[in-house]
Every structure is written in structure tokens, then in C-alpha cells.
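Visitor: Go by the hints and put chain Z onto chain A.
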Amino acid sequence: MTQYLLSIYQPDGPVPPPEVLDPIMRDVEAVNAELRAAGAWVFAGGLHAPSTATVVRCKDEEMLMTDGPYLEGKEHIGGFTVVEAPDLDAALEWGRKLAKAITLPIEVRPLQYGSRG
Amino acid sequence: MKARIPAVAAGVVERVFREEYGRAVAVLVRRFGDFDIAEEAVQEAFATAVRRWPDDGLPPRPAGWIITTARNAAVDRLRREAARADRHAQAALLRAPIEPAEEGPVHDDRLRLIFTCCHPALAPAARVALTLRLLCGLTTAEIARAFLVTEPTMAQRLVRAKGKIRDARIPYRVPAEHELPDRLPAVLSVVYLVFNEGYAAGSGARLVREDLCAEAVRLGRLLAALMPDEPEVLGLLALMLLTESRRPARTGPEGELVPLPEQDRRLWDADLVAEGQALVRRCLRRGRPGPYQIQAAISAVHSDAADAASTDWGQVLRLYDQLTALAPSPVVALNRAVAVAEVEGPEAALRLVSELETGLGTFHVLHAVRADLLRRLGRRSEAIAAYEAAITGAGNAAEAAFLRRRLGELGNG
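Chains A and Z, in that order, are what the protein sequence lines are. Reading the first sequence from the start, the letters are residues 1098 to 1214 in the numbering used here. Reading the second sequence from the start, the letters are residues 859 to 1271 in the numbering used here.
Warning: the hint list may mix true and false statements.
Stated by the list, open to error - Derived pair list, reagent style DSBU-like, types lysine-lysine, alpha-carbon separation capped at 35 Å: (1) A:K1194 <-> A:K1171; (2) A:K1197 <-> Z:K1022; (3) A:K1171 <-> Z:K1022; (4) A:K1156 <-> A:K1171; (5) Z:K1022 <-> A:K1194; (6) Z:K1022 <-> A:K1156.
In short, the hints are calculated from the structure, not lab data. Computed from a predicted structure; not experimentally measured.
So here's chain A without its partners, still in its complex pose (with noise of 0.2 Å):
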């Protein structure tokens, strides 16, 4: 079994209104349960704003900080779920259920580590 970050891009700017975004979160959430029963949820969470990022440099002793996300841009991650699959067309299916769910695109990428074997 190998681990797959599913990250969930999403356009910058105001969080839509609840008549837009409530039926979204319920569906995301079946997928969320659907990944649960299947035994290949690992772990998921949303992120608040790229404006509330930090991003953090050392540089020989001396560390130097910058207010906003590393890349400029006009998507951010805005949430990712680790799943679980046998292989990469299990993970692209639950990548493809999470997309139609969330209507954002989703990148699924492999982790090296963290396979439970």
C-alpha cells in the first residue's frame, strides 16, 4: 500500500456564501466517510487563507521570515487528504470523487514514507 497527498487547489479570495458552500461540504464529507469505510483515510484537513501563511528561511544561524505563502499566485493549496491505495489508479479514482465533490482541482502526488505496509 503506498500513501498518496490528494491537495486540494483553490482560487484565492472570499470564502463563497453558505448557499454555495454548504452543499459542497456535505458532499465532501461523503467522500471523507466513503474513504473512512473503505479503511483508506488517513488523515485530512482544510487551511485557512494563504494570507495567514508564514513562510521561514535559515540562513547560516540567522532565520529569516516572510509574511504570505511561498509561491505568488492566485490558487493555494487550500485543504489536502492522505489516502490510502494499492496503487495509483485506486488513489486517481479517490482523487476523482474528491474533485467532483469539491469542484476544485485536485493533484495526487505519492509520499516516499509513511506506508503502515
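Guide: Using the frame of chain A, we list chain Z on its own:
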């Protein structure tokens, strides 16, 4: 007493390589779960064959001999590396079964390999490169030359693709029946892309690169043998064979393009025409038409006509209508316009072509079609401008030479 073994003629190893390389790699990938181990072992087995077959004679089952030799080479190599505590080698060795190599259900292995190489999670250029490398046995340098990139670029593309297959765990299996509609088109498009790159070489001096066409036809035949119930697989093979049948007539003495209406049809390869037409009939009988089958059927209508004038253009146009309904695209619309010119006249076709200009304005074939229609309507100065636009955009020298000849004829007329 040892039976007398016939001597191995020159070129036999080469032929076995072309026919069996992909099969051997496919079996080894399944056994060892690693593309690089499989490739290196199969190459080593062929190197051994080059040394031994001339003296020992051709083994009764060359493919089995190659697979067994490759498997032994891989096991030897993994044992050596495992002894040096290479974790990866130990893991691969554990996966390798102990029983002797057999040819077994190898068909499925080659299908597994092609579906893995053409997985939609890989970029199209990577799918083509992997397929040519692992199934056809082309070297990185040969693939780089075929697609006009430098060898290091192609090597990097292959390494990256193989790394993704390994790390992201792209599965080594044939998709289930219900997944085929999603997965088969990617495989077919890789094969057709290889064929087209060979047939209408995007750039360079020569119009046709026969080696790529031959590899594509070989892959098409393999798929047709392995998936005889998929009509689009048969349709693609038919389309390639019918196109290939015209190759002897398609270039003039100076290497310039000879368009279909002007080809000497006696030069067409009659065997390929017959085989292609039989395949078209066979796949259309299944009643599950698809874009490759219809394109093959269009090609078959042309093959039926003894000369350009007796072409059944009404039938061609009906097939283009069907193709437009199934798989609409600006290029299909342009080809349909060519049929409309024959059925309804150049005026009607020109109206259709003008509508396509916004989408296909940079496509040189559009200008070539427009130029021809304008020439037929006697609109000389507009035709000259259209020929010039087509020549500017033409990628290969043979096509440009043909267009220049046409332009020259206008100038003198």
C-alpha cells in the same frame, strides 16, 4: 548425438529482436516489477544471442530462449547486488518466482505493458517514448531522432516517466472491461501518433519515415491480435494499412508529395489494400462505429476507386457526416469540406473553409485547401496568396515542394 542445427542467417537476431523484444520485456517486468532490470536483462540476452546463435544455431523457441536467458541474467545480477546488501535488489529478487521461465500467458504481459506505458497519468509525449522504447525496443537515440529532440532530453523524459510509474505505482495490468472505454483511446492514439509522425513527418526533408510507420503497424497488429473484439483496434489497424498501401505512389521522383487524386493507383500495395478493406468490413459488422473505423472506411472508399474520377464522393461525405457527429474537430470539418467540394462544388466548400479560418488560421493545410478551391473557381490572385500562406506554414520539404509546383502552375497559367 546432437542433431544438426541449421546455421543462423544474418539478420535473424535482428528479426527476433523486432518481434520478441517487447514480449520479453513485458514478461520480465511482471516477474521483477522493475522496468530497468527488465530492459537491461533483455538487452543482455540479445547480446548473448548475437554471440551464440551463429555457432549454436537458432533455438527451437527463440522467444522462450531470450526470456529464460534474460531471466537468468536478471537473477544473477540481483543476487550479486543482494550480496552487497542492496535493499532494492533483495526486494526484486524476492518477487522473482523460482519456477523456470515459460512463454505462458505472455499475451497479457504485452497488453499490461502497453496499458502501463500509455497510462493517462503520463504526458502524451512520455507515453509515445515509453511505448517505442519498451515495446518496440528502439534506443533512446532513435526515439530522440524521430521526435526531433536531443538525446539527453529524451533520456530525461524516459527516466522521469519510469520514475513516475515506479514511485506513484502506476499499476501493471490490463484495465477491466468497464474501464476500457476510458483507457483504450490513449493506447490507440499513441500508436496512431507514431504512425503519423512516420507518415507525415512534421519536419525534415523526407515525407515518410518508414521505420516509425513499420513500428506503428507492428503495434497495431499486436493490439488487433490481443483485442480482436475491440472494433476501434481493428479500425485503427485498417486505417494504417490503407494509408500505408499508398506509400509507393505518394512521393514523386524528386521526393515531392503526390496528392491522392494524382497518384498512380497501380503503385498501391494491393495486399495491404485487401487486408485493410477486409478489416474495415469486419469491424463495421460489429455495429459499434468509432472515429478510427470511420476514417478507415473513408480510406477504403478511396481504395475502391480505380481512378480519382470514379470516387464515390457521396459515400465519403456521408462518412464525414458520421465522423463529425461522433468526433467533431476543425480538422474533420476541413476534410469534410474537401468532400463537399466534390459533391456540391468548390463554392459551397469555400464557404465552409472560410468559417474554419478563426480556429485553424495557422494550420497550413487549411490554406492549401483554400488555395485549391480558389484555383478551381478561377480566383487566381487570391489562390496565389493562399498558396504562399500554405508554403510558409508547411513543415516538411516534400509538402512545400508540391505546393510550390502548384503555385508555379498558377503563375504560368
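Visitor: So which hints don't hold here, by number, going up?
Guide: none
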